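> The listed protein sequences derive, respectively, from chains A and B. For the first sequence, our numbering begins at 1 and goes up steadily by one. For the second sequence, our numbering begins at 1 and goes up steadily by one.
There could be a bad hint or two in this list.
What the hints assert, rightly or not - In silico lysine-lysine, DSS-like type, Cα no more than 25 angstroms apart, as pairs:
| id | chain 1 | residue 1 | chain 2 | residue 2 |
| --- | --- | --- | --- | --- |
| 1 | A | 422 | A | 99 |
| 2 | A | 145 | B | 45 |
| 3 | B | 92 | A | 145 |
| 4 | A | 99 | B | 92 |
Hint data in this document are derived by calculation from the structure and do not stem from the laboratory. Being a predicted model, the structure only gives us computed values, none of them experimental.
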Amino acid sequence: MSFSLAVLIPLFLVLFFNLPFYRISGKIAVFIASLFCIVQAFSFFLPVNATCPAVQNLVSYFMLDFQCDGISRLMLLTSAIVAFASILVLYAMEDSDRKQFNFVNLILLSLAGMNGLFFVRDIFSVYVFIEVIAATSYILIAINKDKNALEASFKYLVMSSVATVMMLSSIAILFLVAGGTDFVTVSNMYQQYGGNSLVTAAVVLFIVGLFIKGGVMPFHGWLPDSYLAAPAPVSVYLAGMVTKTTGIYTLIRLFYSVFGFNTAIQSILLIFASISIVLGAFAAINQNNFKRMLAYSSISQVGYIVLGFGAGTTFGVAAAIFHLFNHSVFKSLLFVNSAALEKQVNVSDMSEMGGLASKMPVTSTTSVIAFLSTAGIPPLSGFWSKLMIILALWTADLKVYAVIAILASILTMTYFLIMQKKVFFGRLKEGFENVKEAPLAITFVSILLCAITVVVGLLFPFVLNGLINSAVSF
Amino acid sequence: MSVENILLFKLYIIATPVLFLVGIYAIMTTRNIIATIIGIEIMTKGVTLLLASCGYFNGRPEMAQSFIIIMIVVEVVILTISAGLIFNIVKKHDSLDTRNIRNLKG
């Protein structure tokens with residue numbers, strides 16, 4: 001089927017880049033990879049079954065058993081947008097040709113794993129693709145080999161390996177009971193033996209493993225460190241895509257197509273999500289480092305996504321997927337802005353910055369729009385997805401959690417206002433007189449992501465009909 | 001399942017959490033980076049055992065075999081990466097002590 005090309009093309013590109021006897025320069029690799037991202041983004045708008053026979057034969061040779069639904073296609077679009085942003089940021093930030101080349105190879109491998117994860121319908125293959133993504137992200141974090149990055153990467157590796165062991169034990173138990181690992185078999189087994197304590201333990205182990213991968217609050221220890229220590233383009237990619245796919249998308253996929261919802265599991269999801277929202281926001285208020293604040297904000301927003309599909313209805317799943325898309329866009333926009341600050345100002349403490357709005361108008365404006373969208377101000381995209389989450393909770397008769405979600409929006413507003421005041425507004429601090437706007441590649445990415453946020457917000461009725469409803473059929 | 005098989009199965013089911021706990025204990029108490037990785041490996045061996053026994057007891061050992069082979073491949077990749085990380089950490093700090101890598105705090 002044609003969508004397995006999304007996995008095969010990046011793999012072949014990596015092979016092609018690394019053929020012996022000649023060397024491709026980093027610039028060409030960046031160009032080809034960003035071209036692939038654009039093609040992948042546009043493939044979202046193609047009809048589902050568009051394919052030609054030659055491609056069909058080629059792909060069937062590889063025996064990949066993939067299926068595509070609306071959620072997979074939406075995630076495909078998101079991953080393309082975020083990977084494109086991070087490759088352009090890389091192009092602007094990194095001067096060394098060799099490093100550009102290495103980075104592009106790793107990001108293509110990671111994209112292959114990610115696209116596989118979107119289409120695959122087998123819990124063991126889910127594990128394999130998650131490991132592909134995780135393995136590439138360990139290297140990506142530590143790619144500059146500085147002290148903090150190595151430490152963060154090692155921490156991530158240890159935490160993520162524990163999560164992997166949990167997921168694998170859960171897969172083993174489900175395999176024992178079901179006699180197979182594809183989604184249909186496991187789903188049938190779960191409907192029959194769902195009440196069994198061993199099966200419930202397996203599901204809970206799976207959830208905890210994915211919570212560690214996604215950085216939900218009590219298991220978040222590795223996340224701020226890796227976002228902080230990773231080089232700027234990598235943190236765009238990590239924050240926008242990696243933790244959201246390996247953790248949260250897989251969680252949504254498992255509950256949407258395999259396990260279904262029951263009240264016990266739902267209450268686990270809802271409680272951890274609320275802890276994550278509230279504590280993440282409070283932790284973000286206390287941070288003085290720009291990237292660390294964004295990391296805690298990311299934890300808080302992930303809580304919203306889990307809360308959304310914890311409502312247990314298809315409307316809740318639609319809200320969660322829509323918020324996942326929006327969050328990927330505006331969080332990578334904020335990390336692009338932090339990359340611009342890192343490149344031009346080279347200070348990471350927010351208290352040392354000030355009044356940069358006059359010097360960096362594009363960065364300042366786009367970050368204002370991104371934070372308004374995160375805080376849920378109409379008519380930006382974040383408002384609609386948060387509204388959908390709250391409506392889903394309210395209609396599922398989980399009013400307490402709906403109130404928590406609304407009140408935590410105020411906290412979101414608080415920490416972003418503190419950030420704006422410290423970094424962009426006010427009088428220009430001394431020593432910043434010669435600061436210039438970020439390079440063209442970075443401003444282009446910020447304007448593009450900002451445009452997506454605004455357009456999705458303004459055209460929400462069309463987006464709801466065309467995109468979300470087709471993704472999750474009500 | 002016969003009585004012997006059920007006893008055997010219980011043995012495997014008990015062995016897996018034991019190996020998991022040994023691994024977690026090793027990770028939490030050790031001061032040596034390489035020992036941390038060995039702890040992770042012990043946990044992974046526990047899961048391998050569980051997968052193999054699950055395949056044996058539900059009558060599909062061939063499927064379990066292929067899972068285990070794939071798992072070993074993935075594991076080797078992760079081990080190689082962690083070896084690279086440890087190599088660079090030791091070059092920076094000149095020791096294998098994990099207390100060196102506690103600068104970042106959550």
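> Against this structure, judge whether each hint is valid.
Here is how each hint holds up against the structure:
no. : hint         : result
1   : A:422 - A:99 : violated (33 angstroms)
2   : A:145 - B:45 : violated (30 angstroms)
3   : B:92 - A:145 : holds (9 angstroms)
4   : A:99 - B:92  : holds (20 angstroms)
In the structure shown, a violation is registered for the earlier hints numbered 1, 2, in ascending order.
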